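Taken in order, these protein sequences are the chains called A and B.
The first sequence: position 279 = 279 (the UniProt record's numbering), numbered continuously.
The second sequence: position 209 = 209 (the UniProt record's numbering), numbered continuously.
Note that these hints are calculated values from the structure, not bench results.
Note that the coordinates shown come from a computational prediction; the quantities given were computed from them, not determined experimentally.
One thing to keep in mind: the hints can contain errors.
[To be verified] Simulated DEER-style distance windows between Cβ atoms:
1) Gly-118(B) <-> Met-315(A): 34 to 44 Å
2) Gln-116(B) <-> Gln-104(A): 28 to 38 Å
3) Glu-112(B) <-> Arg-257(A): 53 to 63 Å
4) Gly-118(B) <-> Asp-274(A): 24 to 34 Å
5) Cys-239(A) <-> Gly-118(B): 53 to 63 Å
6) Ala-220(A) <-> Gln-116(B): 26 to 36 Å
7) Gly-118(B) <-> Pro-394(A): 30 to 40 Å
Using N, Cα and C, we set each Cβ at its ideal position, and we do this for glycine too.
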Amino acid sequence: MAGVAGGNDFQWCFSQVKGAIDEDVAEADIISTVEFNYSGELLATGDKGGRVVIFQHEQESKNRPHLRGEYNVYSTFQSHEPEFDYLKSLEIEEKINKIRWLPQQNAAHFLLSTNDKTIKLWKISERDKRAEGYNLKDEDGRLRDPFRITSLRVPVLMPMDLMVEASPRRIFANAHTYHINSISVNSDHETYLSADDLRINLWHLEITDRSFNIVDIKPANMEELTEVITAAECHPHQCNVFVYSSSKGTIRLCDMRAAALCDRHSKFFEEPEDPSSRSFFSEIISSISDVKFSHSGRYMMTRDYLSVKFWDLNMENRPVETYQVHEYLRSKLCSLYENDCIFDKFECCWNGTDSAIMTGSYNNFFRMFDRNTRRDITLEASRESSKPRATLKPRKVSTGGKRKKDEISVDSLDFNKKILHTAWHPKDNVIAVAATNNLYIFQDKIN
Amino acid sequence: MTFFFSLILSTVRKCYSMRARTQRPPAFRRDNMFPKGTKRKFSDSGEEPVSSGDQGQVASSMAARTLSSSYSLQRQSLLDMSLIKLQLCHMLVEPNLCRSVLIANTVRQIQEEMTQDGTWQIMTQALAAAQCPSDRLVATEVLCRQTDAAAQAGQSSKPFSVVGLDEGYHSEEVVMEGDVGTEVNMSTLSPVSPQLSSSSYLTGPFGMGPCWEEEEEDGECEEDEEEDSEVCVSEGEDGDRDHMRADSRTGEQVFGTFEIKHPAPPPDPALEELFSDVDPSYYDLDTVLTGMQSAPKMGPYDLLESLSSHGPTALSSSSSCRSDLNELDHIMEIIVGS
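Put together the whole structure using the sequences plus the hints.
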């Protein structure tokens, strides 16, 4: 797969945008998660209203083979409904926090979707045939008068318009006291883990009334609580290994073979703090918002507020590489703390070959870093640059006093337009970027 | 009824409003509305000039002993902001635990630094001095027991709302020590304290004159405040609301419901402080009641206690609050139960 940007060989261009155009964004339409399936054929999004929309990749047209096909709506369903916790008198939001696909094993597709408290396994199946010629009932479904039946016939399967059905097959509920922030399917394809602020549970996909608690960092006295779990993921190949990140900027790798309760980590990843840059916000900006293993399983990537760090699983004391996402915000931390932006949780993702990564920023900017060339690029997901196959122009934020043409100054950034969720196609250079209520799809243009 | 509640709340808010004004640390403002005893005590400690002199001088004279004035003020405003954030009531949805923990850690960090500087000690002393001991105001006692009104009248030259708030703490805490299940009930106690003050206005000849004036003035000021859209607005009134929250010990409550209350800002008697920013939404009864029904709130000193190495300083103030909670409980039954 090609790298990130620059040169004559590779550029990103606009492909599609999904979602309403008008300025007034309904809260329920805000996209809260984006995920490609294992083949990249399907792209799922979840929103704050508890709905899941799945897009399917259409085959390329034969006339224009150099163009990739488009993603069109395949299925839409309401995954979670708002609930009310009567004991605490609190609402449980229906917002979909995460979607994770299961590897495909038959014609149907399965995905896990979760809100703050409940995880659901959905089966998405196609139906394009129906039986006709029943003996006992008409085509309308009305029962036929038995005395009228004079002959027997065998029902025949006739083609019908494609219907995509989504049905909930499992509901994994009542296992989390705190808000679920991550789910991750294990490489054994039988189990998965779910993590909330203080606990991580291991589930079997077939069993809904029981889960194993494998990590519990809740202190006996809640007043002593200083650290929470922010993200967790299973290792892509070793089904006994998983990692979880914390609000203090640490990552713990645990081996489930070591003990039933993995409170003691096998590896502990933390970068020592730079004392010269210490401030009151140091801890907050070190809080890890996302952790992702590379496809190879040898590296992992963590996203904190200002940077992305690559870690070699064999080296715990510091990351291998660190990329600054928006260092120009470091001097604005107090304002960002005041308006709560400092608590935004940005996600990050790898490309299929682990040579590049992508993460979001403000003003609808998103950033990509190429690990091989060490180059990075800032692009914008906006309606203005949304002409078909229009090449995306790199954007730049001016940090110094002098603002060049085409640059945007830090103070002009729109902090309400944040790109928290992005996804990279597992095989091709196609990316999906969620900008509030719009989903942008970009792809490479090979000259 | 809505007006009644809003009137109560506004009084409460006035006395416990807190502004993150960087140029005037709230802990160091005093004026004539405090009884002389308090003033003398404060000036005895030699911390600051009693008169309403140049506030900037006060601040810098304080900070001069420690760090640069601007850093200290920035740190103070960051502390104020953090405490406000912790107490913001997430009406219907459970607040984010990660965010609460991060803010709490920031507060702790500031507190540790201020402790090293010595400024923490000063602040907690100021808060302690500002708190009204429960024995001085027993309007609720009068209400429920109808005893010895005259005796208390002499003592209560302070705004009643202060007492009400103190009692507000206590009753919530008492209930909170029970099950999680009972937590829901507690929140409904919060409106009682302001009710108390208001009732005492109506019932008692307790030298309510000055307080009554406050009410009226507050009413005027509200319209002005509504235009103020700064953070200060919600800060002020959150400060008051918070002060009404229970002072619970259990950490479960602190993070179990993700509500951590900041230390009660001293009831700043300066008139403009009293009529400080008020969030109009508080006059919406539904909002208020919904907020009341959400997870139990923490007392203002709970966080301080858990964080501060100078725990006892905060403790002394909070214990006085708790002692009145039984009365509040009783009052609540009368008012709401009927």
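Violating hint indices (sorted, rising): The structure breaks hints 2, 3, 7; every other hint is satisfied.
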